[in-house]
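*Asks:* Position 317 (the sequence shown) corresponds to 317 in the working numbering; numbering is contiguous.
There could be a bad hint or two in this list.
[As the list claims (entries may be wrong)] Computed list of lysine-lysine pairs in DSSO-like fashion (alpha-carbon distance at most 27 Å, straight line): (1) Lys102 with Lys310; (2) Lys163 with Lys64; (3) Lys66 with Lys109; (4) Lys163 with Lys440; (5) Lys440 with Lys102; (6) Lys64 with Lys310; (7) Lys109 with Lys64; (8) Lys420 with Lys66; (9) Lys306 with Lys111; (10) Lys66 with Lys440; (11) Lys142 with Lys163; (12) Lys141 with Lys163; (13) Lys111 with Lys163; (14) Lys66 with Lys367; (15) Lys413 with Lys163; (16) Lys411 with Lys71; (17) Lys367 with Lys109.
[Unchecked claim] Label-pair ranges, simulated between beta-carbon atoms: (18) Ser366 with Ala15: 22 to 28 Å; (19) Arg130 with Val203: 55 to 61 Å; (20) Val203 with Lys154: 35 to 41 Å; (21) Trp48 with Thr264: 30 to 36 Å; (22) Lys66 with Leu31: 48 to 54 Å; (23) Lys142 with Thr483: 19 to 25 Å; (24) Lys306 with Thr264: 48 to 54 Å; (25) Lys169 with Asn136: 43 to 49 Å; (26) Glu70 with Ser168: 48 to 54 Å; (27) Ser168 with Ser89: 49 to 55 Å; (28) Asn136 with Arg234: 37 to 43 Å.
Think of the hints as simulated: they come from the structure by calculation, not from any bench.
By construction, the Cβ of each residue, glycine as well, lies at the ideal position given by its N, Cα and C atoms.
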Amino acid sequence: MAVITLQNLILTLAAVVVTQIIYTIIYRLFLSPLSRIPGPKLAALTSWYECYYDIFQPAQYVFKIKELHEKYGPIIRITPREISISDLSFLDTIYSPGPRAKRNKDIEKVKALGINTSIGGAVDHDLHRRRREALNPFFSKKSVLNLAPQLDGKIPQLGDVFKMSCQSKEVVNLSDLYTGFSSEKNIGTVLRGVKFNLHFSWVRGIIRLLPPNFGGRWVPQGIKDMMHLRMKIRQEVQQILDSKDKQGSVNPHSIFYELRDSPTLPASEKTAQRLEDEAMLLIMAGTESTAKSITIAHYHLLANRKKMHKLRAELASNPSDTLAELNQIPYINAIALEANRLSFGLTGRNPRVSPNEALSYTNLTSKITYTIPAGTPVSTSTLLAHTNEEIFPDPWTFNPERWLGPEGQEKKKYMLAFSKGPRMCIGMHLADAELALAVKEMAKWEMDLFETVEEDVKFLHDYHVATPNLDSLGVRARVIRKT
């Protein structure tokens, strides 16, 4: 009987590992159903290609993908398992394919934020639909209009800050101001950790198992910030679960009392973990993007006096006392659309997966048809859509006029700031309401930008939301007077 020595065991294991590596290389490059799709071989071979541009550049892979499309064409393979398509005629196939077709999320992208049990973390199409149905009543147009008194109550706070700045002659940081206007929590630093969490999510998992006070310099700051935010939210959620108050007796607009008391949701959808994840998502998705859109709008209106004058003229000729009336002013809507376009919404790839059927894409230039197997993540980033020069000429220029008239209405189908289809951002009406009210208030004040340039608002890094120059101090201005 042969004796298995330690040396033989090590050699055998090494041979198995080498064989596995060789097979993986051959499969991904030559045997995979995606092997015919153009793109860099290194991206097809390993996810470390993506990791390099996400972490070490940093947060530049979305821009690299745009560069790769310019080199390889409208359909490219960007990871061993994922496809990117820049052809905007394919948007509906990816995101809004019709009532009978299902589109799941990609679990690999969901795990970056660690909110798997939220509506945004629902990978399965049907699970997402059930969770969304429970939240829809809070975010309908009617519900947002009913919130108008609360939203109107926040606007004077902006005016008070502008008045104080005018009187004191101190510079006001508009980036910080609008972040506070959208939410009491600043999650900008939290989102700086999403790329690390995406590629090294196991680190976050280990840290969650450690005592709350454990940590040191070796723990990435983004993960620490995320954990601290979750701890605060967990305490608030637990207070709601422990409370004997019923929905309506405390706060008529409290989503989490409603979810807790919902007769249609099973107990599994009312756990502390799930409500915590839902709260995390609503804070991250519903505040940072809105604040950025408002800041971008204000910066460009201050940088382009003609557009600010046009806004003031529109408001003067269309006096609006209610949110509903404000929403009817075309130039207000155009400013909101353009600010959202240049804020890019969810800036990272937001792939969809067709779980049951293969997709087919034909390159209109080469006439080659590619079959995309069921289960393959496919995406078009907001960068690819919003900077498409055929749809949006001079795409980095703030130009609200591009949204006016019938041609402007036609462009709306290419907007991805709130995504498309059944997974479109549930809070889009609330975000647009806050933006419209803020734009009306900013038009009342004459200001000069202070040591602020376009790089302080421009999309330069992809940290889940459009992030400008990492050294930016924000958009700053001096308030001259009230108009």
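*Asks:* Taking the numbered hints from earlier one at a time, note which ones the structure violates and give those numbers from smallest to largest.
*Replies:* 1, 2, 5, 6, 9, 10, 11, 12, 13, 15, 17, 18, 19, 21, 22, 23, 28
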